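**Student:** As a plain string of letters, each chain reads:
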Amino acid sequence: MSFAGLLDFARKDIDVPSTAPKELLRGKHSAFIQHYESAKDSYEYIMAEHIRVSGIFWCLSAMDIMNEVDKMSKDKIIEYIAECRNPDGGYGPAPRNDSHILHTLSAVQILMIFEALGKADIDEIARYVKSLQNEDGSFVGDKAGEVDTRFTFCSLATLHLIGRLEVVDLDAAIAFVMRCYNSDGGFGTRPGSESHAGQVYCCVGSLAVAGRLDDIDRDRTAQWLAFRQCDSGGLNGRPEKLPDVCYSWWVLSSLAILRRLDFIDEDRMKRFIFACQDDETGGFADRPGDYPDPFHTVFGIAALSLFGDDSLAPVDPVFCMAARRIGDKALL
Amino acid sequence: MPTTEEEKAVKKKENDKKCKLYLSARDKIFEKRSKGNYDDEILALTQAVLEKNSDNYTIWNIRREALQKRIDDNNELAKSETASDEEKAKSQRSIESLLAGELFMSYECIKNNPKIVFLLQELALCEKALKLDCRNFHVWDHRRIVARMAQRTADEEIEYSNQLVSDNFSNYSAWHYRSVLIQKVHMEKTGQYRLDNETIAAELKMIRAPGPIRGGFWMLAPGKSFLRPDSYAPIVPLSASFHGNNTTIVMSRACSVENVVVFVDSEEKSRWRGFSALSSHPKTSRVWQYLSDSPLRIAVEHDEAFSGGPWVEIKEKPYVDKTLLRRIYDVDPVESNKAVEELLADCQSLIELEPENKWPLYMKTLCLMEYKSAEAHGEIMDGLKKLGDELDVKRRKMYEALASRQQLNETLRTDGLLEKLMSGETQQLPLRYKEISSLEGVEYLAGLVNDLDVTGNRLTKPEEIVLPNLEHLTLNENPIRRLLPSASLGNLKFLSLAATEISQLNDLIPCLQAMSSLERLLYCETPLVEQTKELSAALPGVRLIPHYL
Chain H
1 MSFAGLLDFA
11 RKDIDVPSTA
21 PKELLRGKHS
31 AFIQHYESAK
41 DSYEYIMAEH
51 IRVSGIFWCL
61 SAMDIMNEVD
71 KMSKDKIIEY
81 IAECRNPDGG
91 YGPAPRNDSH
101 ILHTLSAVQI
111 LMIFEALGKA
121 DIDEIARYVK
131 SLQNEDGSFV
141 GDKAGEVDTR
151 FTFCSLATLH
161 LIGRLEVVDL
171 DAAIAFVMRC
181 YNSDGGFGTR
191 PGSESHAGQV
201 YCCVGSLAVA
211 GRLDDIDRDR
221 TAQWLAFRQC
231 DSGGLNGRPE
241 KLPDVCYSWW
251 VLSSLAILRR
261 LDFIDEDRMK
271 RFIFACQDDE
281 TGGFADRPGD
291 YPDPFHTVFG
301 IAALSLFGDD
311 SLAPVDPVFC
321 MAARRIGDKA
331 LL
Chain U
1 MPTTEEEKAV
11 KKKENDKKCK
21 LYLSARDKIF
31 EKRSKGNYDD
41 EILALTQAVL
51 EKNSDNYTIW
61 NIRREALQKR
71 IDDNNELAKS
81 ETASDEEKAK
91 SQRSIESLLA
101 GELFMSYECI
111 KNNPKIVFLL
121 QELALCEKAL
131 KLDCRNFHVW
141 DHRRIVARMA
151 QRTADEEIEY
161 SNQLVSDNFS
171 NYSAWHYRSV
181 LIQKVHMEKT
191 GQYRLDNETI
201 AAELKMIRAP
211 GPIRGGFWML
221 APGKSFLRPD
231 SYAPIVPLSA
241 SFHGNNTTIV
251 MSRACSVENV
261 VVFVDSEEKS
271 RWRGFSALSS
281 HPKTSRVWQY
291 LSDSPLRIAV
301 EHDEAFSGGP
311 WVEIKEKPYV
321 DKTLLRRIYD
331 VDPVESNKAV
341 EELLADCQSL
351 IELEPENKWP
361 LYMKTLCLME
371 YKSAEAHGEI
381 MDGLKKLGDE
391 LDVKRRKMYE
401 ALASRQQLNE
411 TLRTDGLLEK
421 LMSGETQQLP
431 LRYKEISSLE
441 GVEYLAGLVN
451 DLDVTGNRLT
461 KPEEIVLPNL
471 EHLTLNENPI
481 RRLLPSASLG
491 NLKFLSLAAT
501 EISQLNDLIP
511 CLQAMSSLER
521 LLYCETPLVE
531 QTKELSAALP
541 GVRLIPHYL
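In order, the protein sequence lines correspond to chains H and U.
At position 187 of the first sequence (counting the first as 1) the number is 187 in UniProt numbering, and the numbers step up by one without a gap.
At position 510 of the second sequence (counting the first as 1) the number is 510 in UniProt numbering, and the numbers step up by one without a gap.
Keep in mind that the hints were calculated from the coordinates and are not lab data.
Note that the coordinates shown come from a computational prediction; the quantities given were computed from them, not determined experimentally.
Certain hints may be false.
What the hints assert, rightly or not - With a straight-line cut-off of 30 Å between C-alpha atoms, the simulated DSS-like cross-links for lysine-lysine are:
| no. | chain 1 | residue 1 | chain 2 | residue 2 |
| --- | --- | --- | --- | --- |
| 1 | H | Lys40 | U | Lys88 |
| 2 | U | Lys32 | U | Lys18 |
| 3 | U | Lys493 | U | Lys315 |
| 4 | H | Lys241 | U | Lys358 |
| 5 | H | Lys76 | U | Lys394 |
| 6 | U | Lys385 | U | Lys434 |
| 7 | U | Lys20 | H | Lys76 |
| 8 | U | Lys79 | H | Lys76 |
| 9 | H | Lys71 | U | Lys12 |
| 10 | U | Lys79 | U | Lys69 |
| 11 | U | Lys358 | U | Lys315 |
| 12 | H | Lys241 | U | Lys52 |
| 13 | U | Lys11 | H | Lys40 |
| 14 | U | Lys385 | H | Lys270 |
| 15 | H | Lys12 | U | Lys394 |
| 16 | U | Lys69 | U | Lys88 |
| 17 | U | Lys11 | H | Lys28 |
| 18 | U | Lys12 | H | Lys40 |
| 19 | H | Lys143 | U | Lys315 |
| 20 | H | Lys76 | U | Lys493 |
| 21 | H | Lys143 | H | Lys130 |
| 22 | H | Lys28 | U | Lys8 |
| 23 | U | Lys131 | H | Lys12 |
| 24 | U | Lys13 | H | Lys76 |
| 25 | H | Lys74 | U | Lys20 |
| 26 | U | Lys20 | U | Lys32 |
| 27 | H | Lys143 | U | Lys493 |
| 28 | H | Lys143 | U | Lys79 |
| 29 | H | Lys143 | U | Lys28 |
| 30 | U | Lys394 | H | Lys22 |
| 31 | H | Lys28 | U | Lys12 |
| 32 | U | Lys8 | U | Lys20 |
| 33 | H | Lys40 | U | Lys358 |
| 34 | U | Lys52 | H | Lys22 |
Said to hold, decoys possible - Heads up, incomplete: computed chain H residues facing chain U, CB under 7 Å, no partners named:
| no. | residue |
| --- | --- |
| 35 | Arg96 |
| 36 | Ser193 |
| 37 | Arg212 |
| 38 | Asp219 |
| 39 | Gln229 |
No residue lacks a Cβ here, since even glycine has one placed at the ideal position from N, Cα and C.
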């Protein structure tokens, strides 16, 4: 092994197969999502009940960015969302399931995509989100009490989208986020936790909602994000980890919010994202050759939209939705 | 995954059966919960479902409720006067065996039963889990909680991280855990965020111990002490200046208007406006303007017992914290130390051995930027160029942004320009032909510069220049395609866009129309020259200059 090889001993990456797709297979993805929605008695669908409402959001947002949301069953979905509402004001992933901030945000986003936010009880949602904030400014995700900066972002984003940011202590919320800001420029789940790209997105997004992006050293954070790009072009979530399409979204959207999207190589990035498509069934997988799912599909499509693609609607980097749905709630 | 039709049919049958089992267990669990029936069966059912799908948090919640109910019942029984001792002991035994079997039920359970035996069991469990996956950040988060509850000292935990690092040098998570603890111990001992040279030297030694320096670790362990701990710097005014229609206060760190008003002789908050490269209406900013024809006065001897003075007049001459501004632009040399010198030497020999490897050059350049930015300016620029052009091409723009800041600092150091700006001798900042792609950092001069010339650079987004008191801006020969409206360019009187790439009026007009003071616009050598008539109609009262005089 060469000396350089020894230095790169722990480096993790993949090779992009030469046979992998090299352009966006837009039509196939639309069919993939529609098939996913229709196969309601499949094992995968049933066993994913505990993430259903977020799952619906992934599917819908992907379709909306592809300008295909009319193909989804709007009325049925709106009805289902109403069934997922709990007396505490929040939404669970499925009827009878407990409320969680992840699904509460997804429910709000779904209703916004269908321009049906009027069907939600805004006061009740605000009351639920407010109930999640701790005294130190942090947020729990649900009644189980886990604290995570993800839940801060979901809470602030929900409140921003329904126009009720004033119900929580925003200064305390941001103070907690800043306690999770590491010297490497990244953010972790809680104070002292290791930096993680998903957390960076959540914390940068929280700062954007609060109008406080200047609180961080923009270029230090952008550098940490830029170092997520591997030679394959893909982005990993942390040093020494494998690249994954979902980080294309979390890293790129953060860079877009910081207006440093050019810190990574766009051509190599796109090559990796294209290669993660399944050219038979449609949909995106985490890495080339793996099985596709709606989660990686929406993040793959949204990431491509950030670079600008004529066949895709522009995406809002904070909310991962077609920008036209955000309207005057746009932050940037 | 099955491939043949036959295999698919078998698999489907199997899955259908699993679905049926799951759905019936799920329905039974929900039914029992709705009746408040937390019996043995609901424990068995939740366990069965969670073994198949541990992400189902509602089922976890129900299981927790069931266990809590058992704990409450047991506590109730223990207090009861009618129950026999034998009954009580039996109930206690059954609850203990129930909880001992619970993995990761811990936080709530531990909170309610802070027995050290549970904590030790939990610590052991974390260690086991980290052996299986040393990067699992949920386990690390859990360990932090349990270690705190078990009152493990920072030194004990540092020792634990040492073990993990010596087992596997690439355990990035353990390095992170360690670096946070080292920082914490240092902070507790000294009250200082920035590590002292001795601690840095010890850390560097540790990281160099196995021989070559590993890429990513640099950023982590010693790296953090090299980085500017700006988020810990005090919030104070760097400058305060009067500009006819506004008083501009530039702060050492982004802060809200509430943090600014304590330094001035007005409590009025509605006249303030903050500027940011990233948002149009920021809540926090480094640059604040108070819109008024009469100047504010500033109190700089600010401490916690603020007494409202003495007031400094800024009408004739700006207030400037020269020491802080010199530090921001690396004007004064930074004290180096042995550890840094050794590291630089290490990097150098590594660069000679492996000229194609980006890490040693990156490390060396970062180190020079932090410790020798003035004396090694040329070397830093060469290093960044080599990284962006050859060794790490995908991040070229990142290196260009780093180099841009170095160029800004160097310009300000040259011929005492920063001193001249601070004394008010000049308000012009010439940054011509410097390969600059970003003007991040220029905002600290927002109160001192009214004329910026960035001719011949690589700027594409002039709307990100946060210099709201600029009156003259020369953007000639930059690859700019459009001009977006920007609050911080609102005071421009003269704008020069010669030889830029702007060709469409739509990419320009909205921005120019927002510049209410604009008097002259120069746009020679652009496709706009052909559209002078349209420009003239859109910008009445602005003198248009399509050709060089």
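**Student:** Compare the structure with each hint and give your call.
**Tutor:** Here is what the structure says about each hint:
{"no.": "1", "hint": "Lys40(H) to Lys88(U)", "verdict": "violated (50 Å)"}
{"no.": "2", "hint": "Lys32(U) to Lys18(U)", "verdict": "holds (21 Å)"}
{"no.": "3", "hint": "Lys493(U) to Lys315(U)", "verdict": "holds (22 Å)"}
{"no.": "4", "hint": "Lys241(H) to Lys358(U)", "verdict": "holds (19 Å)"}
{"no.": "5", "hint": "Lys76(H) to Lys394(U)", "verdict": "violated (46 Å)"}
{"no.": "6", "hint": "Lys385(U) to Lys434(U)", "verdict": "holds (13 Å)"}
{"no.": "7", "hint": "Lys20(U) to Lys76(H)", "verdict": "holds (24 Å)"}
{"no.": "8", "hint": "Lys79(U) to Lys76(H)", "verdict": "violated (53 Å)"}
{"no.": "9", "hint": "Lys71(H) to Lys12(U)", "verdict": "holds (28 Å)"}
{"no.": "10", "hint": "Lys79(U) to Lys69(U)", "verdict": "holds (15 Å)"}
{"no.": "11", "hint": "Lys358(U) to Lys315(U)", "verdict": "violated (51 Å)"}
{"no.": "12", "hint": "Lys241(H) to Lys52(U)", "verdict": "holds (27 Å)"}
{"no.": "13", "hint": "Lys11(U) to Lys40(H)", "verdict": "holds (17 Å)"}
{"no.": "14", "hint": "Lys385(U) to Lys270(H)", "verdict": "holds (25 Å)"}
{"no.": "15", "hint": "Lys12(H) to Lys394(U)", "verdict": "holds (17 Å)"}
{"no.": "16", "hint": "Lys69(U) to Lys88(U)", "verdict": "holds (16 Å)"}
{"no.": "17", "hint": "Lys11(U) to Lys28(H)", "verdict": "holds (25 Å)"}
{"no.": "18", "hint": "Lys12(U) to Lys40(H)", "verdict": "holds (14 Å)"}
{"no.": "19", "hint": "Lys143(H) to Lys315(U)", "verdict": "violated (57 Å)"}
{"no.": "20", "hint": "Lys76(H) to Lys493(U)", "verdict": "violated (58 Å)"}
{"no.": "21", "hint": "Lys143(H) to Lys130(H)", "verdict": "holds (13 Å)"}
{"no.": "22", "hint": "Lys28(H) to Lys8(U)", "verdict": "holds (23 Å)"}
{"no.": "23", "hint": "Lys131(U) to Lys12(H)", "verdict": "holds (19 Å)"}
{"no.": "24", "hint": "Lys13(U) to Lys76(H)", "verdict": "holds (29 Å)"}
{"no.": "25", "hint": "Lys74(H) to Lys20(U)", "verdict": "holds (28 Å)"}
{"no.": "26", "hint": "Lys20(U) to Lys32(U)", "verdict": "holds (18 Å)"}
{"no.": "27", "hint": "Lys143(H) to Lys493(U)", "verdict": "violated (58 Å)"}
{"no.": "28", "hint": "Lys143(H) to Lys79(U)", "verdict": "holds (28 Å)"}
{"no.": "29", "hint": "Lys143(H) to Lys28(U)", "verdict": "holds (22 Å)"}
{"no.": "30", "hint": "Lys394(U) to Lys22(H)", "verdict": "holds (19 Å)"}
{"no.": "31", "hint": "Lys28(H) to Lys12(U)", "verdict": "holds (24 Å)"}
{"no.": "32", "hint": "Lys8(U) to Lys20(U)", "verdict": "holds (18 Å)"}
{"no.": "33", "hint": "Lys40(H) to Lys358(U)", "verdict": "violated (51 Å)"}
{"no.": "34", "hint": "Lys52(U) to Lys22(H)", "verdict": "violated (37 Å)"}
{"no.": "35", "hint": "Arg96", "verdict": "holds (5 Å)"}
{"no.": "36", "hint": "Ser193", "verdict": "holds (6 Å)"}
{"no.": "37", "hint": "Arg212", "verdict": "holds (4 Å)"}
{"no.": "38", "hint": "Asp219", "verdict": "holds (6 Å)"}
{"no.": "39", "hint": "Gln229", "verdict": "holds (6 Å)"}
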